[in-house]
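All chains, full assembly: derive it from the sequences and hints.
Sequence order for the protein chains is A and B.
Residue numbers for the first sequence follow this note's numbering, so the first one is 1 and each next one is one higher.
Residue numbers for the second sequence follow this note's numbering, so the first one is 374 and each next one is one higher.
Just so you know, the hints here were simulated from the structure itself, not pulled from any lab data.
Source: prediction; values computed, not measured.
Certain hints may be false.
Said to hold, decoys possible - Far from chain A, some chain B residues (derived; all Cβ distances over 12 Å): (1) Thr426; (2) Asp464; (3) Pro499; (4) Glu517; (5) Asn566; (6) His683; (7) Pro695; (8) Leu717; (9) Ala722.
Claimed, not checked - A few chain A residues facing chain B, derived, Cβ under 8 Å: (10) Glu46; (11) Asn47; (12) His54; (13) Met66; (14) Ala235; (15) Gly236; (16) Phe259; (17) Ala263; (18) Ala357; (19) Ala361.
Using N, Cα and C, we set each Cβ at its ideal position, and we do this for glycine too.
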Amino acid sequence: MNQLNQIAKTWVGGLGMYQPGKPIEEVARELGLGDPAGIIKLASNENALGPSPHAIEAMRAAAGAMHIYPDGDNFQLRQALAAKLHVGANQVFVGHGSNEIIQLLGHVFLDETTNIVVSEHAFIVYQLVAALYRTPVIHVPMRDFRHDLSAMAKAITPQTRLVFIANPNNPTGTMVDGRELDAFMKDVPAHTAVVLDEAYIELLPPERQPDTLRYVRENRNVFVLRTFSKTYGLAGLRIGYALAPAEGVNLLHRVRQPFNINAMAQAAALAALADDEFVEQTRTIIADGLREVCAALDVMGLTYVPSVANFILVKVGNGRKVFEALQRRKVIARPVDVYQLPEYIRITIGTPEENRAMLAALRAVMAGRECGV
Amino acid sequence: MSTPRDDLICRHVRSLHGYVPGEQPRIPGLIKLNTNENPYPPSPAVLRAIAGTVEAQARLYPDPVSLALRTRIAALHGVSVDQVFAANGSDEVLALCTRAFVEDQGVIGCFDPSYSLYPILAGIRPARVETVPLTADYGWNMPEGYRAALFYLTNPNAPTSLQFPKEKIRAFCAAFPGVVLIDEAYADFAPWNCMDLASAFPNVLVSRSLSKSYSLAGLRAGYVVGAKPLIDALFTIKDSYNVNAVTQAAALAAIDDQAHMKANCARIIATRERIATALRQRGYTVYASATNFLWARPPAGHAADAVFRHLREHKVLIRYFPGEKTGDCIRVTIGTDEQMDAFLAALPA
Numbered sequence: 001m002n003q004l005n006q007i008a009k010t011w012v013g014g015l016g017m018y019q020p021g022k023p024i025e026e027v028a029r030e031l032g033l034g035d036p037a038g039i040i041k042l043a044s045n046e047n048a049l050g051p052s053p054h055a056i057e058a059m060r061a062a063a064g065a066m067h068i069y070p071d072g073d074n075f076q077l078r079q080a081l082a083a084k085l086h087v088g089a090n091q092v093f094v095g096h097g098s099n100e101i102i103q104l105l106g107h108v109f110l111d112e113t114t115n116i117v118v119s120e121h122a123f124i125v126y127q128l129v130a131a132l133y134r135t136p137v138i139h140v141p142m143r144d145f146r147h148d149l150s151a152m153a154k155a156i157t158p159q160t161r162l163v164f165i166a167n168p169n170n171p172t173g174t175m176v177d178g179r180e181l182d183a184f185m186k187d188v189p190a191h192t193a194v195v196l197d198e199a200y201i202e203l204l205p206p207e208r209q210p211d212t213l214r215y216v217r218e219n220r221n222v223f224v225l226r227t228f229s230k231t232y233g234l235a236g237l238r239i240g241y242a243l244a245p246a247e248g249v250n251l252l253h254r255v256r257q258p259f260n261i262n263a264m265a266q267a268a269a270l271a272a273l274a275d276d277e278f279v280e281q282t283r284t285i286i287a288d289g290l291r292e293v294c295a296a297l298d299v300m301g302l303t304y305v306p307s308v309a310n311f312i313l314v315k316v317g318n319g320r321k322v323f324e325a326l327q328r329r330k331v332i333a334r335p336v337d338v339y340q341l342p343e344y345i346r347i348t349i350g351t352p353e354e355n356r357a358m359l360a361a362l363r364a365v366m367a368g369r370e371c372g373v
Numbered sequence: 374m375s376t377p378r379d380d381l382i383c384r385h386v387r388s389l390h391g392y393v394p395g396e397q398p399r400i401p402g403l404i405k406l407n408t409n410e411n412p413y414p415p416s417p418a419v420l421r422a423i424a425g426t427v428e429a430q431a432r433l434y435p436d437p438v439s440l441a442l443r444t445r446i447a448a449l450h451g452v453s454v455d456q457v458f459a460a461n462g463s464d465e466v467l468a469l470c471t472r473a474f475v476e477d478q479g480v481i482g483c484f485d486p487s488y489s490l491y492p493i494l495a496g497i498r499p500a501r502v503e504t505v506p507l508t509a510d511y512g513w514n515m516p517e518g519y520r521a522a523l524f525y526l527t528n529p530n531a532p533t534s535l536q537f538p539k540e541k542i543r544a545f546c547a548a549f550p551g552v553v554l555i556d557e558a559y560a561d562f563a564p565w566n567c568m569d570l571a572s573a574f575p576n577v578l579v580s581r582s583l584s585k586s587y588s589l590a591g592l593r594a595g596y597v598v599g600a601k602p603l604i605d606a607l608f609t610i611k612d613s614y615n616v617n618a619v620t621q622a623a624a625l626a627a628i629d630d631q632a633h634m635k636a637n638c639a640r641i642i643a644t645r646e647r648i649a650t651a652l653r654q655r656g657y658t659v660y661a662s663a664t665n666f667l668w669a670r671p672p673a674g675h676a677a678d679a680v681f682r683h684l685r686e687h688k689v690l691i692r693y694f695p696g697e698k699t700g701d702c703i704r705v706t707i708g709t710d711e712q713m714d715a716f717l718a719a720l721p722a
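The structure is reproduced here in structure tokens:
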């Protein structure tokens, strides 16, 4: 027998793994549903419209140069983001999805002597990353499914290095506004950095997006995270970014891989960023979809948490069972029991056709009591 | 405004410097022989796979465990799929190993000279690097009873282009108490490799890159083969979606077309041997390369850094590594025959 358990680091065996939304092919295989084309995936908050056509075009054009290393400096993309968002190019860090940036933040700030503060139903990756660095997590209860920022500020201890605020939050779909954030930022002590994870922020009309980049320009202890996975429809390419004071960006550079972003993702992101029309189309299809889905849920008598993002948290009774019953009807939603929300499922807003098919399946599942709810 | 506070940063991070990649300048007409890229395009099947993926798959999160790609890699090497980990470039494998197999304050080893990324990866962790100096001719020089938690063994080695004797490698794997990561980024250009050791020993991982032989540097594709418990540990700590969808599809298509890859490698090897001979005729000491680059010492009267600068002025970019062990040599990537003729013509007389 080998000694691998002795070789591996003692704490690795105890780690949990992130459970992503199920891929379509996997569900088709598991349930013997045959053609994956008939399955509707509303599990991972992907963009129903796909990427911008300009991004697809840019990827096709880039395909001929894949034997050359990517630009490890992400020069063009950082320049474009800086110009669009009115920050310095040295305040922009490009990551392999914002997920990588969350890990890199752990590398820079966390160890077993520190802690992080998050909301009880916050995006789960924060606590998984904390576990990687053996860092304790302080959970703060939410209020009406929203971050209770004053309670979070009070929860900060002398050991707190990072506070994670997903805004809007996944899986609740709720957000805090600029006024609340301003008040919170005043309460955060100098030994703590605030991570504002704005993965879904571009889905809001610009006037409803809190001006968090002001904190970056004011040189505060802040990292604002954004992604091309949601509004820009590029989840498959793995590309996101952080906006932070130059000192914070430099720290992330020190712990990253030299070529962390592939050349295809750089080309696609650059083209997607310039396509404001596509972002507007996405906002419209999500807003219309949310309205239609909520109206139907009202008719069905189901309660839900009002959402500003491209998904909705619906109270169904036994979330795990309803998830499984929906899956048998070729609709993949997301159970959220790992978020301490066992009575709920989270459903991504898709195209109008996908939404209607989802609603029909949900109606049948709930009416048929096929899952003992 | 707040004052920056260094004390918030983990101690080992404060003193770090990032990796310095080869330059990627955009000078018209420049011949780039500095980052060991393949001058020939990937298989046409790769381009078809990319075209198919960008439209249909870009909006969806990629398969988090790269199952189809890993299944194909497993078939290629005759191992089971749970012995394969697919990565965002083999650099990701190297980095994950520092976190999976080395405790804080543990020791990470590598040869000197070797791939310049290793000490940087080790520095990202609160770990100590202990380099093992090679002989003056860059040969195997492992001290008896050498111990570390992790050893990066590059075979063929970079930037020296040489392979170590296989029996030395095998004996080391058997005796070493920690994990041996055999980095085979250049193995497809070499007469033999160490993939069999990944199945022969419980503490050996063999990593491969698709950047060089398969012409996919831009897409960041690499993988590692080894015993299941080691592979499981890498899965436990990896980023949730570590390989993007386009790369998964392109890498699968590239590995499927072995004939294309082997033909490209054969062309590069033929060019390599021709240029090695030409350099020797000019008085250079050229090491017997098992890679897609040459490691060469200029003749007396020509300093390596002066050769590097002279070539750059003539629009040919090669790589120069300053330092006691590497500063008297140049590293030249093998490009097309045309590019290499331009390189020879641009050499100082």
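Checked hints:
no., hint, verdict
1, Thr426, "7 Å, violated"
2, Asp464, "5 Å, violated"
3, Pro499, "8 Å, violated"
4, Glu517, "21 Å, holds"
5, Asn566, "22 Å, holds"
6, His683, "24 Å, holds"
7, Pro695, "18 Å, holds"
8, Leu717, "23 Å, holds"
9, Ala722, "31 Å, holds"
10, Glu46, "5 Å, holds"
11, Asn47, "5 Å, holds"
12, His54, "12 Å, violated"
13, Met66, "4 Å, holds"
14, Ala235, "5 Å, holds"
15, Gly236, "3 Å, holds"
16, Phe259, "6 Å, holds"
17, Ala263, "4 Å, holds"
18, Ala357, "17 Å, violated"
19, Ala361, "20 Å, violated"
In this structure, the earlier hints numbered 1, 2, 3, 12, 18 and 19 are contradicted, and the remaining ones agree with it.
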